[in-house]
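K.L.:
So the chains spell out like this:
6 protein chains.
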Amino acid sequence: MTTERYQKGLEVLKSVDPDSEERLKKLLKDIAPDMLRFIVEFPYGDIYSRPGLGMKTRELLTIASLVTSGNSPQQLKVHIKNALNAGCTKEEIVETIMQMAVYAGFPSALNGLFAAKEVLSEE
Amino acid sequence: MTTERYQKGLEVLKSVDPDSEERLKKLLKDIAPDMLRFIVEFPYGDIYSRPGLGMKTRELLTIASLVTSGNSPQQLKVHIKNALNAGCTKEEIVETIMQMAVYAGFPSALNGLFAAKEVLSEE
Amino acid sequence: MTTERYQKGLEVLKSVDPDSEERLKKLLKDIAPDMLRFIVEFPYGDIYSRPGLGMKTRELLTIASLVTSGNSPQQLKVHIKNALNAGCTKEEIVETIMQMAVYAGFPSALNGLFAAKEVLSEE
Amino acid sequence: MTTERYQKGLEVLKSVDPDSEERLKKLLKDIAPDMLRFIVEFPYGDIYSRPGLGMKTRELLTIASLVTSGNSPQQLKVHIKNALNAGCTKEEIVETIMQMAVYAGFPSALNGLFAAKEVLSEE
Amino acid sequence: MTTERYQKGLEVLKSVDPDSEERLKKLLKDIAPDMLRFIVEFPYGDIYSRPGLGMKTRELLTIASLVTSGNSPQQLKVHIKNALNAGCTKEEIVETIMQMAVYAGFPSALNGLFAAKEVLSEE
Amino acid sequence: MTTERYQKGLEVLKSVDPDSEERLKKLLKDIAPDMLRFIVEFPYGDIYSRPGLGMKTRELLTIASLVTSGNSPQQLKVHIKNALNAGCTKEEIVETIMQMAVYAGFPSALNGLFAAKEVLSEE
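If you're matching them up, the sequences are chains S, U, X, H, B and C in order.
Everything in the first sequence is counted per the working numbering, starting at 1 for the first residue and increasing by one.
Everything in the second sequence is counted per the working numbering, starting at 1 for the first residue and increasing by one.
Everything in the third sequence is counted per the working numbering, starting at 1 for the first residue and increasing by one.
Everything in the fourth sequence is counted per the working numbering, starting at 1 for the first residue and increasing by one.
Everything in the fifth sequence is counted per the working numbering, starting at 1 for the first residue and increasing by one.
Everything in the sixth sequence is counted per the working numbering, starting at 1 for the first residue and increasing by one.
No lab work stands behind these hints: they were computed from the structure.
Do not rely on the hints blindly, as some may be mistaken.
Any copy, or any two copies together, can satisfy a pair, since identical chains are not distinguished.
Unchecked claim - Calculated pairs, SDA-like style, for lysine to any residue (alpha carbon to alpha carbon, straight line, at most 25 Å): (1) K29 / P18; (2) K25 / K77; (3) K77 / P18; (4) K90 / L28; (5) K90 / L36; (6) K26 / K81; (7) K25 / F114; (8) K81 / S20; (9) K90 / D46; (10) K29 / G54; (11) K25 / T89.
With the hints as constraints, model all of the structure from the sequences given.
P.N.:
Put into structure tokens, the structure is as follows:
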């Protein structure tokens with residue numbers, strides 16, 4: 001059941017979010033247990049594990065995307081944590097979010113900054 | 001009329017898009033000539049010129065945002081060109097866009113890849 | 001005041017959401033009482049009541065749309081309930097939401113699954 | 001077949017877009033002829049015809065919404081024309097679109113300005 | 001440090017949201033203190049302060065944009081308050097939001113109405 | 001190189017879009033050849049191939065999602081074709097798109113109808 005892609009994805013995912021597998025397994029087990037496998041395999045096993053971009057840049061790109069769509073505040077906070085775990089500085093994360101004021105507008109950028117503040121105050 | 005912010009912004013903008021000022025001036029002169037000043041001053045003079053993130057990363061973040069919103073194909077192509085001018089490799093740009101399949105869905109990522117293909121074939 | 005369209009719409013709406021009229025009347029009475037009439041008449045009286053698609057399919061399509069826009073979590077939960085009342089199985093609802101990972105990205109699909117989990121645990 | 005709402009809506013719609021009924025009838029006749037009725041009745045018969053906001057303000061609000069979503073360039077151009085017909089000045093339309101740079105980002109605002117330029121150059 | 005643009009923007013901002021500077025300073029001081037300056041300078045100093053549209057219309061346009069994107073409920077409530085402070089009536093605000101049902105769909109319009117209800121009940 | 005998931009996905013994809021593999025291979029070969037594999041494997045091999053929803057319903061759900069996001073007109077046309085190939089009637093497709101007027105607004109629904117008209121006139 002655990003494919004090679006799953007193993008590779010899990011390794012990548014755990015490098016930035018160590019307890020993600022347990023957390024997602026618990027959240028998804030009653031509603032869509034297969035979704036855990038898809039999350040580990042496609043985003044992490046297939047995409048994040050590719051060479052060409054380092055994990056720090058990948059997490060900043062994800063923050064840029066989540067601030068732009070603006071409808072997934074929980075996942076934004078998870079990826080702000082993951083960006084810190086990947087070695088991004090607070091400054092790099094804040095700069096990424098501030099830049100989104102240009103492309104997604106000020107309200108979305110402000111929401112992103114408040115999410116970052118919440119994550120950083122919990123650390 | 002040309003403020004210090006305008007001069008600073010123009011320098012940053014021209015470093016990745018040398019003929020942008022002339023092009024935007026022409027495009028905007030009959031409809032909203034002040035907009036040129038705002039574009040140079042706020043996005044470039046205030047944001048892109050900040051330390052904390054290099055120009056290469058900033059252009060990739062912009063590509064991530066534009067692929068996510070998916071409604072500005074012309075500006076996406078401009079920023080793919082700018083990313084190349086900032087020193088990003090084709091591979092870094094393609095990886096950025098492919099990662100958006102996870103966050104913005106496959107159709108938006110595919111549109112981003114086709115935009116990149118068009119820009120790269122023109123170079 | 002209650003038009004034929006209102007009566008037809010109300011019948012359709014009550015078939016999937018029996019206490020909707022009272023609930024919406026209460027929610028809207030101090031702010032926009034006419035909005036109740038528009039909701040019953042246009043979405044339900046004009047659209048949902050059309051032949052060509054059954055109520056089960058219509059509710060799944062609405063779930064697909066609400067997971068894609070991702071900015072109306074309350075209405076998404078209402079329509080997950082309505083889909084169950086229309087005769088959709090848990091499996092059909094979960095499959096609908098999971099498919100949205102392809103088109104709206106994983107974070108929006110995960111939010112949809114968590115909404116479904118909440119509705120199903122309340123039933 | 002033509003209800004009172006249709007007549008009221010058509011009057012409002014024709015006041016800003018005189019040939020809209022013929023144009024929409026032609027565009028929709030082979031695919032969804034009923035859609036014409038819904039467009040005239042709900043947006044124009046039910047909403048635009050309400051007191052409380054004048055037609056000029058309503059058209060500017062629609063431009064703000066269409067620049068924000070950014071995915072309906074044809075309808076944006078139609079509503080820029082309608083705003084002019086309702087008595088809005090070029091300046092009011094341009095200011096509306098420029099303000100969207102704050103909320104929807106610069107690329108969406110620029111696309112709106114280019115749409116306005118195209119409409120104004122055709123007039 | 002406080003530029004002319006900042007002073008002009010602050011005056012405009014305070015005319016509709018008197019304690020905004022203190023509130024934003026507090027919210028942003030630990031995460032992105034420079035963002036306060038950008039908010040005051042660009043949206044208020046550069047855009048809202050322009051002639052061509054009055055403050056009432058500008059606040060209604062912002063409400064239209066925020067209901068359309070639908071992902072910034074806090075800022076929507078702030079701008080509903082600001083619209084009231086600018087002299088908009090409850091009716092004008094409600095009409096603006098109801099019109100968005102046509103362009104952004106019923107769920108987004110309903111969320112806007114509930115936000116307005118909350119603000120109005122607090123006043 | 002062609003995994004079991006690829007084979008399963010290709011079979012599902014070809015059942016609704018027979019020449020998709022060749023078309024996508026050609027479109028992607030110079031820019032992101034691996035993307036073809038991801039498209040076949042994840043959306044089709046992992047998701048569309050799941051039991052619980054038939055292909056007709058899946059294609060209508062995809063149309064609902066693409067009309068809602070509104071930024072991928074080419075993929076919308078591909079999926080309207082695929083829906084026809086899966087056995088959906090013109091009426092079912094048109095009803096799906098019209099229902100989106102309620103959730104994504106009239107402009108997005110109109111764009112969807114015009115896309116459907118184009119596809120149907122080519123058949």
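K.L.:
In ascending order, which of the hints set out earlier in this document are inconsistent with the structure?
P.N.:
none
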